[in-house]
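Here the protein sequences come in this chain order: A and B. If you're matching positions, the first sequence starts at 1 in our numbering and goes up one per residue. If you're matching positions, the second sequence starts at 1001 in our numbering and goes up one per residue.
Any given hint might turn out to be false.
As the list claims (entries may be wrong) - The calculated DSS-like cross-link candidates involving lysine-lysine, where the alpha carbons are at most 27 Å apart (straight line), are:
no.	chain 1	residue 1	chain 2	residue 2
1	A	Lys173	B	Lys1131
2	A	Lys151	B	Lys1151
3	A	Lys293	B	Lys1293
4	A	Lys151	B	Lys1173
5	B	Lys1151	A	Lys171
6	B	Lys1171	A	Lys151
7	A	Lys151	B	Lys1174
8	B	Lys1251	A	Lys293
9	A	Lys174	B	Lys1131
10	B	Lys1120	B	Lys1131
11	A	Lys131	B	Lys1151
12	B	Lys1171	A	Lys293
13	A	Lys123	A	Lys92
14	A	Lys251	A	Lys262
15	A	Lys174	B	Lys1293
16	A	Lys245	B	Lys1173
17	A	Lys293	B	Lys1174
18	B	Lys1293	A	Lys171
19	A	Lys151	B	Lys1262
Unchecked claim - If the Cβ cut is set under 8 Å, some of the chain B residues that face chain A in the computed set are:
no.	residue
20	Phe1145
21	Glu1226
22	Ser1229
23	Arg1287
24	Arg1288
25	Arg1294
To be clear, the hints were calculated from the coordinates, so they are not data collected in a lab. In this text, all values refer to a predicted model and were calculated from it rather than measured experimentally. Every residue gets a Cβ at the ideal spot worked out from N, C-alpha and C, and that includes glycine.
There are 2 protein chains.
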Amino acid sequence: MNPKRTVAAVSLLLALAPLAIALSASAAEPAKKEAAKPRSMQEILDATQPSDWRALDPANTLYLELESGRVVMELAPGFAPAHVANIRTLAKEGYWNGLSINRSQDNFVVQWGDAAEEDKDRKALGTAQQKVPAEFERSSEGVDFTRLPDKDGWASQVGFADGFPAARDNKEKKAWLTHCYGAIGAGRDVAADSSNGTELYVVTGQAPRQLDRNITVVGRVVQGMELLSVLPRGTGPLGFYEKPKQRTPIKAIRLASDVPEKERTPLELLRTDTTAFTDLVEARRNRRDEWYKRPAGHIDLCNVPLPVRAPKTP
Amino acid sequence: MNPKRTVAAVSLLLALAPLAIALSASAAEPAKKEAAKPRSMQEILDATQPSDWRALDPANTLYLELESGRVVMELAPGFAPAHVANIRTLAKEGYWNGLSINRSQDNFVVQWGDAAEEDKDRKALGTAQQKVPAEFERSSEGVDFTRLPDKDGWASQVGFADGFPAARDNKEKKAWLTHCYGAIGAGRDVAADSSNGTELYVVTGQAPRQLDRNITVVGRVVQGMELLSVLPRGTGPLGFYEKPKQRTPIKAIRLASDVPEKERTPLELLRTDTTAFTDLVEARRNRRDEWYKRPAGHIDLCNVPLPVRAPKTP
């Protein structure tokens, strides 16, 4: 008997190191014909070329520095240009440094920003904008959209754009980023245009896709989700912490481009517009390892793994 | 400006107390006609009758006792009778007492059981069965299935059975429980019938529906998910902890029926075969509070809240 009797599957956000991508230990099914043997995700990744990967752009990468480590986030200027510009200014000027994570609602989101209740006590925004327009969606024209063939209940088309999980409506000619695990959004009040990027949340639970097109998605976490997802849940309404000392201090949020190069976290992401990615999605849609008795024949947008690796040192 | 600029929504597993169900603070839209005013989830819950709720059956309720508190789990004898019978025996005989939670994989599952690597070191099963049949699905005949009208990519029909998120295939005449947040399954090795209920996992991430019909679902967590979802992620393969001291000790897993009545956690669950529940699903499918600018017109099976409350004291 195997003492590690378990659920064989990998997490959505993959481990960092090139060889540390956690996979089922079980072997592929016995090959009948060489050509017909389906490849595992690891085999597909092992066969990728350097051009299948892209580096993070330091000017659109944020580091959230916590006592427990660094969370790496990729911004999405193609979808939320005004918010991203404001967030870049806020980061440049150290707006969040010394603020805190103020909310953790189980199976939903964590959120950080200025916890002060009164306007007079709130941190000044420096040269950042107090108001920016809502950016819930954009024109689908000019969006390089890699469509998934899989059915989705929330949108007529889902897929990937600029490496982000996204959706598209061809009748309305709109595209938008979706609320999958790790998505980063700009908290707002009741008014659609009441977000400015100071309050940011990250999805830590079952994809709350009802938020799509209702709030501005500004990017996603590409590494370090496990530092956010384990934060104790707040016991106040909406998961806000009831006592200031329960909040998690933010040491700093910086643009990678403002961090000395040797202190950066170099990362490469598998491009989503490649054959390798399409093959990987198919390997996940129909799991062929011996553990699976019935491949699903389907994958949900938010179950697609988005591989991240450390660049190979030359 | 509202300093709590935020994401207004509730978690999937609701707070316990009758009035503690966390809701958006914002008021409903201004009423145009009394009859046409859509009700909020809270208003629907407030208008429920006692007959809309059911008590947990103590003989099919497990308490997982951790240092941090109690996790309450409902077993599903209608779907996994052999596993549930074995789990009841294991609990009755104290099998898990002193064992530990050995795995926490980010955005996937936590898992507990016997961490011993060698068969000779493993805890004896007492009068429980070493082998039980796989119970991945059952005949759909006799299943009281409340169908959701919403599209699902993983199954031809989804809905609720015995209060559990479930799916059905009318051609194959099968029904099964689905892997939503909080689902409890019986870990297994490569052989389909290699689970016996000793190793249990709980879904803590984006619904891994690819596991449906590939492993036996034995129940779900109805209270205390936040004690499991915050456990530090294991850094070994599949999220297993690398060092024994990283594991979370299990003080006990007991059947509620074996616990003195005054030490039990009395809970009521909203029945899923009621008009109140149908109304609640619709209120979530099309959010009408002022915060939402575009109701989704859809809800995913695993986004449907399953309300739990403490019974009203007489």
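Cross-check of the supplied hints:
Taking the CA atoms of A/Lys173 and B/Lys1131, the gap is about 56 Å. The hint is violated against a cut of 27 Å. For the given pair, A/Lys151 sits about 8 Å from B/Lys1151 by alpha-carbon distance, which is consistent with the 27 Å threshold. Annotation: proposed proximity of A/Lys293 to B/Lys1293 is violated, straight-line Cα distance about 43 Å (limit 27 Å). Between the alpha carbons of A/Lys151 and B/Lys1173 the distance comes to roughly 23 Å, so the proposed pair stays at or under 27 Å and holds.
For a cut-off of 27 Å, the pair hint linking B/Lys1151 to A/Lys171 stands: about 20 Å separates their Cα positions. At most 27 Å may separate the alpha-carbon atoms for a hinted pair to count; B/Lys1171 and A/Lys151 meet this at roughly 20 Å. Of the pairs offered as hints, the one joining A/Lys151 and B/Lys1174 holds, with about 22 Å between alpha carbons and a cut-off of 27 Å not exceeded. Among the hinted pairs, B/Lys1251 with A/Lys293 is inconsistent with the structure: their alpha-carbon atoms are about 35 Å apart, more than 27 Å.
Among the hinted pairs, A/Lys174 with B/Lys1131 is inconsistent with the structure: their alpha-carbon atoms are about 54 Å apart, more than 27 Å. With a CA separation close to 17 Å, the supplied pair B/Lys1120 and B/Lys1131 stays within the 27 Å bound. Restraint check for A/Lys131 and B/Lys1151: not satisfied, since their Cα atoms lie roughly 38 Å apart, outside the 27 Å limit. Simply put, B/Lys1171 and A/Lys293 have alpha-carbon atoms about 19 Å apart, close enough for the 27 Å limit, and the pair holds.
A hinted pair counts as satisfied when its Cα atoms are at most 27 Å apart, and A/Lys123 with A/Lys92 qualifies at roughly 15 Å. For the given pair, A/Lys251 sits about 19 Å from A/Lys262 by alpha-carbon distance, which is consistent with the 27 Å threshold. Only pairs whose Cα atoms come within 27 Å are accepted, and A/Lys174 paired with B/Lys1293 is accepted, the gap being roughly 16 Å. The straight-line distance between the Cα atoms of A/Lys245 and B/Lys1173 is roughly 54 Å, outside the 27 Å bound, and the hint therefore fails.
Of the pairs offered as hints, the one joining A/Lys293 and B/Lys1174 holds, with about 16 Å between alpha carbons and a cut-off of 27 Å not exceeded. Using a Cα cut-off of 27 Å, the hinted pair B/Lys1293 and A/Lys171 holds, with the two alpha carbons roughly 19 Å apart. Proposed proximity of A/Lys151 and B/Lys1262 is contradicted: the alpha carbons are some 49 Å apart, above 27 Å. Violation of the interface hint for B/Phe1145 is found here, the shortest Cβ-Cβ separation to chain A being roughly 19 Å, above the 8 Å cut-off.
With 8 Å as the threshold, the beta carbon of B/Glu1226 comes within range of chain A, its nearest partner Cβ sitting at about 4 Å, so the hint holds. Evaluation of the B/Ser1229 hint against chain A yields a held restraint, the C-beta minimum of about 6 Å falling below 8 Å. Checking B/Arg1287 against chain A by beta carbon gives a least distance of about 6 Å; that is within 8 Å, so the hint holds. For the restraint placing B/Arg1288 at the interface with chain A, the shortest Cβ-Cβ distance is roughly 12 Å, beyond the 8 Å limit, so the hint is violated.
Hint on B/Arg1294 holds. Least Cβ distance to chain A is approximately 5 Å, under the 8 Å limit.
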